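Q: Chain by chain, the residues:
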Amino acid sequence: MAFQMIAAPHLRGPNTTSKYMFKVVYGLIPGIIAATYFFGWGVLTNIAIAVTAALFFEAIALKLRRHALQKYLCDGSAVVTATLLGMAIPQLSAWWVPVVGVFMAIVIAKHLYGGLGYNPFNPAAIGYVVLLISFPKEMSQWVSPDWLGPVSPDKLSFAQTLGVVFLDKIPDTTSLDLLTHASPLDYLKGQLKLGLDVSAIVKSDPEMWGTFSGKGWEWVNIALLFGGIYMIWKKVITWHIPVGMIGSIIALASIVYAISPETAVNPLIHITSGGIMLGAFFIATDPVTSCASTKGRLIFGIGAGSLTYIIRTWGGYPDGIAFAVLLMNLSAPYIDRFTVPTIYGAKTGAK
Amino acid sequence: MIKQMITASLLLTLYSVVGTGLVAYTSAATSEQIKANEKGVLVNSIGEVLPSDNYDNEITTDKITFADHAALGTANPVTIYRARKGDTPVAAVIITEAPEGYGGAIKLLIGINSDGTLAGVRTISHAETPGLGDKIDINKDDWVKDFDGKSLNDPKPEEWKVKKDGGVFDQFSGATITPRAVVKSIRTTLVYFKNNSDSIFSKPSDTVNTKS
Amino acid sequence: MLIPILTLGILAALFGLLLGYSAIKFKVDGDPRTDQVSDALPGSNCGQCGMAGCGAYAQAVVEEGAAINLCPPGGQPVMLEIAEIMEVEPTEMADPTGDDDANVVLVAEVDEKDCIGCNLCHKACPVDAIIGMAGQLHVVVKEDCISCKACLKPCPMECISMQPMISQNEPVWPLPRNHEGATV
Amino acid sequence: MTTQQLWKYHGGLKTIPHRKSLSNSASVRTAVVPRFIVIPLHQHIGKPAIPMVNVGDKVLKGQKIGRAVEFVSAPIHASTSGKVIAIGDRPVPASGGAMGECIVIETDGKDEWIELDPPVKDFHTLDQASIQEKIRLAGIVGLGGATFPSHVKIPGGGAKVDKLIINAAECEPYITCDDMLMRDRPHDVISGIQVMLHSLQAKECLIGLEDNKPEAAQALEKHIAKENISNIKVIMTPTVYPTGGEKQLIKILTGKEVPSGGLPLNIGYVVHNVGTAAAIHDAIILGKPIISRLVTVSGAGINEPCNIEVLLGTQIKEVVEQCGGYTDDFEYLIAGGPMMGGALMNDEVPLVKRINAILCGAKGEFAGPQDSMPCVRCGSCANVCPTKLLPQQLYWYARSGELDKCNDLNLFDCIECGCCSFVCPSKIPLVQCITFAKNSVRNEREEQRKATRSSARGERKQVRLAKEAAEKAAKKAAKQAAGSAAKAKPAAKASAQLEAMNQEMKDAMAKAREHLQEMCEIKCPPASAPNDITIEPTAAPVKEALAKAKELLK
Amino acid sequence: MSQYVIILVSTILVNNFVLVRFLGICPFMGVSTKVETATGMAFATTFVLTLSAILAYLMNQFLLIPLEIEYLRTIAFILVIAVVVGFTEMAIRKTSPVLYQLLGIFLPLITTNCAVLGVALLNVQEGNGFLASALYGFGASIGFSLALILFAAMRERITAADVPRPFKGPAIAFVTAGLMSLAFMGFSGLV
Amino acid sequence: MAKVSLSEISINGLWKNNPVLVQILGLCPALAVTASVVNALGLSMATTATLVLSNLIISLIRNFVKSEIRIPVYIIVIASVVTAIELSVKAYAYDLYLVLGIFLPLIVTNCVILGRAEAFASKNRPIAAVVDGLMCGLGFTIVLCALGALRELIGNGTLFDGMHLMFGEAARGLKIVVISDYKGFLLAILPPGAFIGLGLLLAGKNIIDHRSSAKS
Ligand SMILES: Cc1cc2nc3c(=O)[nH]c(=O)nc-3n(C[C@H](O)[C@H](O)[C@H](O)COP(=O)(O)O)c2cc1C
Ligand SMILES: Cc1cc2nc3c(=O)[nH]c(=O)nc-3n(C[C@H](O)[C@H](O)[C@H](O)COP(=O)(O)O)c2cc1C
Ligand SMILES: Cc1cc2nc3c(=O)[nH]c(=O)nc-3n(C[C@H](O)[C@H](O)[C@H](O)COP(=O)(O)O)c2cc1C
Ligand SMILES: Cc1cc2nc3c(=O)[nH]c(=O)nc-3n(C[C@H](O)[C@H](O)[C@H](O)CO)c2cc1C
Ligand code: SF4
Ligand code: SF4
Ligand code: SF4
Ligand code: SF4
Ligand code: FES
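Protein chains in written order, with this note's numbering: chain A, 76 to 426; chain B, -18 to 193; chain C, 12 to 195; chain D, 45 to 598; chain E, 447 to 637; chain F, 11 to 226.
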């Protein structure tokens, strides 16, 4: 009588990779709802196009590499990548923008390295950065703040949004210049260059500035924060990276703000504008590309936060999240070498 | 031991003497051409804004240089080439920079006729974002040609702005900072020229360093 | 024309003296083959061999028996040259895309049916891993076989072959593979 | 129950299906004596025992049939009376279907005991050395799973033992044999502990058990109270896998950590399993060697899950039959717990001292082969690792064959508890990869030793050849000398030549020997120093030479 | 003062020699398979680059310019660098084995690194003074070291990845360097 | 060293031991000047010329150098050749000189050149050395041009733009607009595109090699 040969342990926990990935998508839902509410249907079209393209490219890559199609397509990682990229690009982007981004993310950043789990760089961040440096114009046309508000009939309808996205057909009543505008961070950066002080800038354009930060952006960030807390609760991520990242931004911003309140953006605006919550809870935490140990993750978070602050404040790009994450990605293997936890018995050990 | 050292030394000397000889010979043979080339570049770019039959002096040497120039709003060297026909000043070509570009200073060549109208503007170098701010480059866009013939009277000084700021000059869609910086710098230069046109043309030329 | 030639000539003379001096003063004695191998290498000092430059690689080849096919800039010609200097068999150039699967250790095994006890294999084995007297069955002590294959050729019955060594340790779990055949 | 401060160790699994009630509700059975008993000679850590009986010998229950050859080894006893019918390789319960040397006994059904030492009334009269010897002769090995010969854990030479810790955690799911043992035989457990306390000169004993065994704890407490013993404490710990690992138990009970690469003794503790304690009671007080053990037979694939006292050497198949046989949807068999036990290819293998449970999995009950995904570095494995290793990194380096890096990450501190594999969302067989790496490292070390040995052997061959050549030359010279002696004249010259030659040869030999000596001393670890390998191509039959070589090489 | 800070930030991050200016790529690719070697190389490069920046400055200022033979710059610089580095290597090798293991063995790797000559030539091109030249060399080498060491750690990780066969080896290393360079573009605009 | 046939030298230089794709040397120019075909062509032609000349000279003098000054001598030879070429380009193709910038003098440190000098020219007769130099140079040129074409095409949608820099005004017409109305994919022109492009070329070569070895 011969039985099966299997290595111990013979019990396995209930968690699976795809469950794990889809929890990230659930975590994103509050943010997606808030963004759609404030910025319109374009958010959803972006995500839909990105997800479709991601699955398509993923399938092709898997096919070329002769890997089991269904197993990997269902793992959910491509969906996460695409959703994040879809949320990170301007809302009324033409259809090819997310497609190019997703191509870079899935094919170049992920499958050239062997697909799920092997990529050293965050695919979504790569996709975003490639788009940003290749198509800066398209990437700075954010839906205008004066257009903000609930999705209502006199704004762009779903059909009209599709027209803009797929056919480049802008309704006669408006124009792309009217619809879009620099993002609040971008605007702030531009105005600061002119030597204005922050409070004046914020007051000057009530259309753009909301309760305590960029109109709409603040609430999207808060919704994402809740999604992030859900993920921590569900143990999808640990607190180290988000806390390290947001904490270091607050710390740096507070110091600079304390030194010169006129020219420095206050910490509250910093952490509620741009992609900060998306970055801190969903992008920097990508387990594949961040550090392995908890100490490493804390360092990773602090590094990402500091770099974000530096790039935002002194660099050429209005929001440095994606760059900061990539820069930390490329440091992660090195950080891992120094942050091996002390094992049981090492302190007392003779080794 | 000494012998070994000396042979090594002699051999090396031999080869380097031969090598250097070769290079020195090439240098001698090409130096004229190279000098002409180097001058040619300057002449060409000046020629872009100022046709060479408009003047008859040796414009490349008729120049004044400032280490920095507060009136032009830059901390870097500024050079002014002067074009004259006979003794009458025809135009000045000012190499200056717009410090407030998106990616740092934008180096500009601004030709101003003696009557205060713009003979032409060219971007010499810049670090603006490709695809967004780089339309100031004549190879990418004709935008800089808009300035031809403009002066402080046309448009009026308060209209020397991009449209978004209430002026007359186009901005690029999605990029206002770059054109804003360029327009501002040109305007400053025109103002400077208007206020100092006499001294600009009367100052003696720098002694030009003619190195081989 | 004289100035440049003179300047560099003097400079070169000085450097020549310096180098000639240091070549004597700082001479490091070593295996002469190191110098030979070093001369054969491209001198690009690019580090692709995994060593700190050509000199280090030459030293590694001569003193530590490093593989002779590690220098991509030199390519096959240089590999052949090293093989000549080191008097070893030439190999293929390493394929950078190659799979480096853990290779199984092969050891010699005498087929008991055919062994006629000629004792030739015993004589060939450099480490006395084959035991047996003339006229009797010969056996390979697997633990001592160094896989050199020196015993294969002399055997008139061709009854010695290389077989995978079964580890003496407890049953080894292989590195698991997923169904695509890649190690998971 | 004594309330005492407890500590925590990193990681562990809190939510894991325990399924203990499956087997701990039925009462303990005793297996019948089977027709054949197969007793492996290697049931412990250390050298296998050497058979002391021959085929055809009659043996009695409890008779020593295998002799321990070293200190770290254990003798083997016949578990019932009968006739030895074979000695040779038989399948033994190890993963991979390995074979091992066994003694096969055809039982006579009489179950007749050999004459035992008289029971000891007061163990206080025995000194440490004699207790140790008695334990050794009784063949007692750790019954918690590691089967380390128990007598070795009684340190001689004045090493101070602070506390004796009794491991009754039984943290593995399904297994309840220690639980039942404590419920049924509290007296024997406590008595065994007292013997150990005496022999170790330890002040105190802590019995650590998980709080899912209140009955067992009560039984022990009651007995302790009855006997009015003050230095044995029963401590309940939270139910977290793998609290039963000795390092984890020590940490939980005392807050101290066993040094990496060290032993509990380094910090003054000795850990024994409760089953071991009961076995020591049997050995010292009753004089009985270990011939049977309590085994949990459980799982959804067995008809009557229970605990059963089985004679060592009984085929697992027969144990299963006595528990009602497999169910229809039975799928696979595990020797040991579901977390650390090995799957068995075959149920026709004997029960050995190590096996504390036989689990029969029904379809879908156990994980079965896993289709793993790539590691997503989620870190769950590191979060649960009780040793605070980074299983994920170990796995990556094992994959890419970077064993040095594995070692840097403390590969050998892994206790193979399986927590990491359990939680991995990608279902990666981490433990398997880690054992692979461990084996590879061991093989590599072996390889190195071998290389050193090879070069030594190579040198020796050269020496031998030189010697042979010299001898030949000498012979020739002698012949010549003899020839020339006939000619009478140059005889002196010839003999001088011969002399010189001999001298030269001697020098060469001495030099070579020196060299060899040096090499062996420097490079070879003394355990396998090749200077005592003597494989000369003598006239002895090859088989014998080979056997000798093998033995020497071990 | 701020000029020097700018030189450092610029050479290390914004115009990273390897990732943005494309100098010294060969050793960047060749010596990055192990972090340990990469680290040794990093130290050695820092030493040589700084030294050669200084030497080249002196050479240019006190020999080539006065004699008006600037066109011999390339020959003169490379000769000086090669000889001084070669001499240093031999000297260290004989005098301090420890230092040689740490640093010396990497020295020959560097003379053919075009960053060395690149630094010297760029310094002349930008008209840097003595201190600025030295800092420029130092910053460039720190930038090189940073990229090299991080890249090496990254490559070690990639060796374990399931990279498609045609991309195994240098190909994926180039892609990785590309993505690193992409990340470094985030620093643009800092100075 | 065993005599190698000229055709073998050629195959080695062009493909089997291609300087960039196999030797992984000479990377800086390969990455820095390949934003367009014309730049790539310009620099690789200068490099080829250097390779041929330096190989020739070194092969000629190979018996007259002492080992301790071997490297400095080779460097002097190479540097002299490069400087002469640099001066010539400066004199006769000034626009190209401006584009290639510092990479022209940096040919000196292009490791391929010293590598060929040491590994080949110093041990072979002049003819073989010249062929080796030429073939390595061509191998270098092919890769640079391929990379230039790839980047120019993806980045700008054109090919052979700016040929007048090398061949005079008449060559302006060589420009091919492959994709009209192309948005431009800047990534390809920027530094990251250079690295990634070279990676793709290398993978392409690997695929071809595997195919052909699978066939045979
Ligand atoms: C990556 C990036 C690069 C940019 N580059 C430039 C640039 O080179 N020149 C410019 O004027 N604006 C540039 N901008 C846009 C400015 O930040 C700012 O949005 C714009 O000048 C405001 O113009 P608007 O008022 O027309 O929207 C860039 C924006 C981004 C995100
Ligand atoms: C190789 C080895 C050597 C050991 N040596 C000793 C020893 O000298 N003294 C001792 O008290 N215990 C010794 N032990 C026993 C251990 O302390 C431990 O109790 C035993 O390995 C069972 O532990 P486990 O089941 O948790 O793995 C040794 C164990 C092993 C594996
Ligand atoms: C993960 C793990 C879990 C263990 N669980 C138990 C257990 O529940 N009960 C037990 O007695 N031994 C357990 N052990 C074995 C102990 O570590 C140790 O070997 C034993 O307590 C020593 O006692 P012994 O020599 O009497 O067997 C476990 C070991 C490991 C590695
Ligand atoms: C918490 C979490 C965060 C993730 N963040 C990202 C992300 O930022 N970008 C991305 O492409 N994929 C992300 N993923 C998906 C997945 O890990 C990623 O695609 C892998 O890098 C693919 O190998 C995330 C997954 C998890 C579980
Ligand atoms: S790979 Fe070849 S050329 Fe490069 S350092 Fe090693 S030996 Fe020298
Ligand atoms: S292979 Fe070599 S070592 Fe092994 S037995 Fe044959 S001769 Fe001896
Ligand atoms: S639990 Fe599995 S997937 Fe997660 S880090 Fe560990 S090995 Fe990787
Ligand atoms: S099996 Fe080893 S690595 Fe895995 S959790 Fe247990 S101790 Fe840690
Ligand atoms: S070309 Fe090799 S380092 Fe630059």
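Since the hints were derived computationally from the structure, they do not count as laboratory data.
Hints may be right or wrong, so weigh each one.
As the list claims (entries may be wrong) - Pairs of lysine to any residue residues, derived as SDA-like cross-links and limited to a Cα-Cα distance of at most 20 Å, are as follows:
#1 F/K193 <-> F/T168
#2 B/K121 <-> F/G167
#3 B/K126 <-> B/P138
#4 F/K76 <-> C/Q147
#5 A/K268 <-> B/K88
#6 A/K212 <-> A/G270
#7 C/K36 <-> E/S542
#8 F/K26 <-> C/T102
#9 D/K449 <-> D/Q414
#10 A/K138 <-> F/H220
#11 A/K94 <-> D/Q414
#12 C/K124 <-> C/Q147
#13 C/K153 <-> D/Q492
#14 D/K102 <-> D/E150
What the hints assert, rightly or not - Selected chain D positions facing chain A (in silico; Cβ < 7 Å):
#15 A411
#16 C422
#17 S470
Model, not experiment: these values are computed from the prediction.
Where is the CB? At the ideal position from N, CA and C, for every residue including glycine.
Q: Work down the list of hints and note, for each, if the structure agrees.
A: Against the structure, the hints:
Under the criterion of a C-alpha separation no larger than 20 Å, the hint pairing F/K193 with F/T168 is consistent with the structure, at around 11 Å. Under the criterion of a C-alpha separation no larger than 20 Å, the hint pairing B/K121 with F/G167 is consistent with the structure, at around 15 Å. The suggested pairing of B/K126 with B/P138 holds, with an alpha-carbon distance near 19 Å, which does not exceed 20 Å. With a C-alpha separation of about 61 Å, the suggested pairing of F/K76 with C/Q147 is violated against the 20 Å cut-off.
The hinted pair formed by A/K268 and B/K88 meets the criterion: a straight-line CA distance of about 18 Å does not exceed 20 Å. For the hint linking A/K212 to A/G270, the alpha-carbon distance of about 24 Å lies beyond 20 Å, and the restraint is violated. For the suggested pair C/K36 and E/S542, the alpha carbons sit about 14 Å apart, so the restraint of at most 20 Å is met. Proximity of F/K26 to C/T102 is assessed by CA-CA distance (about 16 Å); at most 20 Å being required, the pair is judged to hold.
For the proposed pair D/K449 and D/Q414, the alpha carbon gap of about 27 Å is over 20 Å, so the pair is violated. A threshold of 20 Å between alpha carbons decides the hint, and for A/K138 with F/H220 the separation of about 19 Å falls inside it, so the pair holds. A distance of roughly 16 Å separates the Cα atoms of A/K94 and D/Q414; the hinted pair therefore holds under the 20 Å criterion. Only pairs whose Cα atoms come within 20 Å are accepted, and C/K124 paired with C/Q147 is accepted, the gap being roughly 12 Å.
A hinted pair counts as satisfied when its Cα atoms are at most 20 Å apart, and C/K153 with D/Q492 qualifies at roughly 15 Å. In summary, the hint linking D/K102 to D/E150 is supported, as the alpha carbons are separated by about 9 Å, within the 20 Å threshold. Annotation: interface hint on D/A411 holds; nearest CB of chain A at approximately 4 Å, less than 7 Å. Restraint check, D/C422 versus chain A: the minimum CB separation of about 5 Å is within 7 Å; hint holds.
For the restraint placing D/S470 at the interface with chain A, the shortest Cβ-Cβ distance is roughly 5 Å, inside the 7 Å limit, so the hint holds.
Of the numbered hints stated above, those contradicted by the structure are hints 4, 6, 9, listed in ascending order.
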